[in-house]
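> Chains as they are written, first to last, in the working numbering: chain G, 35 to 506; chain S, 2 to 113.
Be aware that one or more of the hints could be misleading.
[As the list claims (entries may be wrong)] Short, incomplete list of chain G residues facing chain S, as computed with Cβ under 10 Å:
id, residue
1, 120
2, 123
3, 289
4, 292
5, 348
6, 351
7, 353
8, 357
9, 375
10, 393
11, 394
12, 395
13, 401
14, 488
[Said to hold, decoys possible] Only pairs whose alpha carbons sit at most 30 Å apart, straight line, appear in this in silico DSSO-like list of lysine-lysine:
id, chain 1, residue 1, chain 2, residue 2
15, G, 349, S, 44
16, S, 3, S, 91
17, G, 238, G, 374
18, S, 3, S, 44
19, S, 4, S, 91
20, G, 485, G, 349
21, S, 3, G, 349
22, G, 374, G, 438
23, S, 22, S, 3
24, S, 4, S, 41
25, S, 4, S, 22
26, G, 395, S, 41
27, S, 44, S, 13
28, S, 61, S, 41
29, S, 44, S, 61
30, G, 438, G, 238
31, G, 485, G, 374
32, S, 44, G, 278
33, G, 84, G, 278
34, G, 124, S, 4
35, S, 22, S, 91
36, G, 87, G, 485
37, G, 278, G, 485
38, G, 124, S, 41
39, S, 22, G, 395
40, G, 398, S, 44
It should be emphasised that the hints constitute simulated quantities derived from the structure, not laboratory data. Note that CB positions come from ideal geometry on N, CA and C, so glycine has one too.
Listed below are the residues making up each chain.
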Amino acid sequence: MTIEKHNRRRHQTWMTRLASYILLAVLGSGMALAQATAVDAGQRLDNLEKAVKSAQMSGDNAWMLTSSALVLLMTGPGLALFYGGLVRRKNVLGTMMHSFILMATVSILWAVVGYSLSFAEGSPFIGDLRYMFLHGVGADPNPDYAGTIPQQTYMVYQLMFAIITPALISGAFAERMKFSAMLLFSTLWSLVVYFPMAHMVWGKGGFLNGALGGTFPAWDFAGGTVVHITSGVSALVCALYLGKRDGYPNASMRPHSVVLSVIGACLLWVGWFGFNAGSAVSAGALASSAFIATHFATAAAVLGWIAIEWVLAGKPSILGAASGAVAGLVAITPASGFVKPMPAILIGALAGVICYLMVSKVKKMFGYDDALDAFGVHGIGGTLGAILTGVFATKEVNDLRAGKAMGWVDGDPGQVMNQVIAVAISAGLAIVGTLVILKICDLVCGVRVSKQDETEGLDVSMHGEEGYNFEA
Amino acid sequence: MKKIEAIIQPHKLEEVKEALKEIGIEGMTVLEVRGHGRQKGHKEVYRGQEYQVDLLPKIKLEMVVASERVEEVATALAAAARSGAIGDGKIFISEVTDAIRIRNDDRGDAAL
């Protein structure tokens with residue numbers, strides 16, 4: 035080889051080598067860049083998923099905490115005012131105290147054992163004690179009940195239901211029950227009737243739980259059976275056991291302030307959106323549907339009640355309108371997350387008419403002193419609503435059976451039977467439980483106040499206070 | 002001295018006060034009372050339960066005047082309180098033994 039050729043070859047080799055190195059460098063950094071971009075995309079998707087989940091939890095949790103507050107508002111001052119206005123002036127504080135004190139006692143009971151007995155998985159009839167003292171109830175969701183909110187939120191939401199249920203019963207024993215007996219009664223009633231009922235209908239593995247594997251799946255969206263039938267029927271038992279108020283039915287026992295009752299009824303109506311729409315346990319379309327059904331049923335119930343009142347009693351009263359509203363709210367409670375708006379209106383209208391007849395005709399016929407119509411409105415309204423839920427529940431609103439029929443309108447008339455079974459169980463548990471508990475309370479401290487205390491009024495005799503001091 | 006007690010319709014109070022002021026009577030006691038004479042009450046219905054409300058709200062005026070002025074005061078009062086319907090009310094006149102002004106211990110007519 036000539037020296038020139040050799041030198042040329044050496045130059046070519048050197049250049050090739052340089053080119054190779056440059057190529058390698060470029061390729062290498064290109065690959066590193068590509069890998070960095072791949073890692074980046076994966077990370078970003080991850081972050082995006084977390085953000086979406088967080089937003090969903092945020093929306094759901096905000097609504098559920100609000101709903102919890104709304105349901106508590108229903109008890110205090112909603113029910114306190116509604117009932118307080120209906121009694122005579124000398125008993126206004128005692129009556130409000132019945133609602134108010136339960137906000138305290140039931141809360142503590144719930145924290146200690148109530149939540150666990152209601153919502154821990156145990157037997158089909160009662161939960162075990164794994165959540166005793168709220169052990170394990172923290173920020174992590176409980177996917178059995180509400181996968182997008184902290185279990186603490188779910189727990190406190192359910193607590194508000196546990197508070198208002200015994201408060202409803204106080205309508206039957208108003209103006210004549212001893213305060214000490216009432217405290218003992220409510221505590222035992224929560225343990226013996228409410229917690230088992232809540233467990234059966236809403237707890238995992240509950241006997242009547244439609245969504246979580248019950249033997250007789252019944253639909254009860256927000257508590258027609260758990261809250262209204264149990265309290266309403268218990269109310270009747272209490273009214274019969276305690277006996278009539280002194281002077282009933284001849285003495286004048288006019289409400290001392292329909293003004294307070296109307297204010298209370300309005301607070302109940304608004305608060306009930308938390309009760310029903312909040313039972314969707316999320317801030318999505320189902321909550322909206324339940325909200326709508328609730329509102330329209332109530333409106334129809336008001337009109338139903340005053341229509342029949344106008345015809346039969348001559349004048350439409352605002353107490354009637356307010357009572358109609360409550361009747362409609364009660365009846366739509368089990369149906370709210372399962373029915374469409376038009377059936378909701380029908381349910382409401384029927385509740386208004388039927389509950390009116392209950393409190394104005396049937397009560398007089400049988401002569402029992404259900405002072406504030408807890409049975410007539412909650413017991414009967416709840417029963418009506420629970421049964422009609424079996425008729426009008428539809429997968430178009432709530433598809434809990436993955437495409438299969440939810441109620442009669444969907445093609446499953448048998449669901450009505452399950453509803454009836456649930457009604458029967460609630461009523462049966464309420465009757466037996468309440469009778470036993472009343473007997474116990476009577477033996478421990480006596481349930482009915484003395485005639486003197488009753489005449490003086492519970493405000494002074496039980497609490498040493500007067501509701502209105504006109505001289506002050 | 003005589004005491005004049007008048008039970009009148011509540012909505013007539015302002016008219017009566019004006020009429021009495023015009024003739025120089027400014028001291029009186031006003032009470033919110035309930036009662037009835039021949040006036041019928043009304044019916045109230047609460048959740049199907051009927052109540053007959055017979056004790057109707059009224060206003061009662063009390064004043065003590067010098068004996069010479071009784072006729073004048075009673076006539077002015079009745080004229081102002083009258084509407085012509087049942088339920089207008091009644092005026093009662095009784096004897097008063099003495100009157101004392103608390104501020105300065107005036108007695109008799111001087112205390113009125």
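> Between the alpha carbons of residue 3/S and residue 349/G, is the straight-line distance 30 Å or under?
violated, 48 Å
> Taking only the CA atoms, is the gap from residue 44/S to residue 13/S under or equal to 30 Å?
holds, 24 Å
> Could you grab the alpha-carbon distance between residue 44/S and residue 278/G and see if it respects the 30 Å cut-off?
holds, 24 Å
> Can you verify the interface hint for residue 348/G: is its Cβ closer than 10 Å to any Cβ in chain S?
Residue 348/G check passes; min Cβ-Cβ to chain S is 8 Å, inside 10 Å.
> Hey, residue 438/G versus residue 238/G, does the alpha-carbon distance stay inside 30 Å?
OK: residue 438/G and residue 238/G at ~21 Å, within 30 Å.
> Below or equal to 30 Å on CA atoms is what counts here, so check residue 349/G against residue 44/S.
holds, 11 Å
> Given a cut of 10 Å on the nearest C-beta pair, is the interface hint for residue 353/G held or broken against chain S?
holds, 6 Å
> Quick check on residue 120/G please, does its C-beta sit within 10 Å of some C-beta on chain S?
Constraint on residue 120/G satisfied, holds at 8 Å.
> Against chain S, with CB atoms and a cut of 10 Å, does the hint on residue 393/G hold up?
holds, 5 Å
> Measuring from the C-beta of residue 394/G to each C-beta in chain S, is the shortest one below 10 Å?
holds, 2 Å
> Check whether the Cα positions of residue 374/G and residue 438/G lie no farther apart than 30 Å.
holds, 17 Å
> When you check the alpha-carbon spacing of residue 124/G and residue 41/S, does it fall within 30 Å?
Answer holds: residue 124/G to residue 41/S is near 27 Å, not above 30 Å.
The earlier numbered hints that this structure contradicts are 2, 9, 13, 14, 18, 20, 21, 31, 33, 34, 36 and 39.
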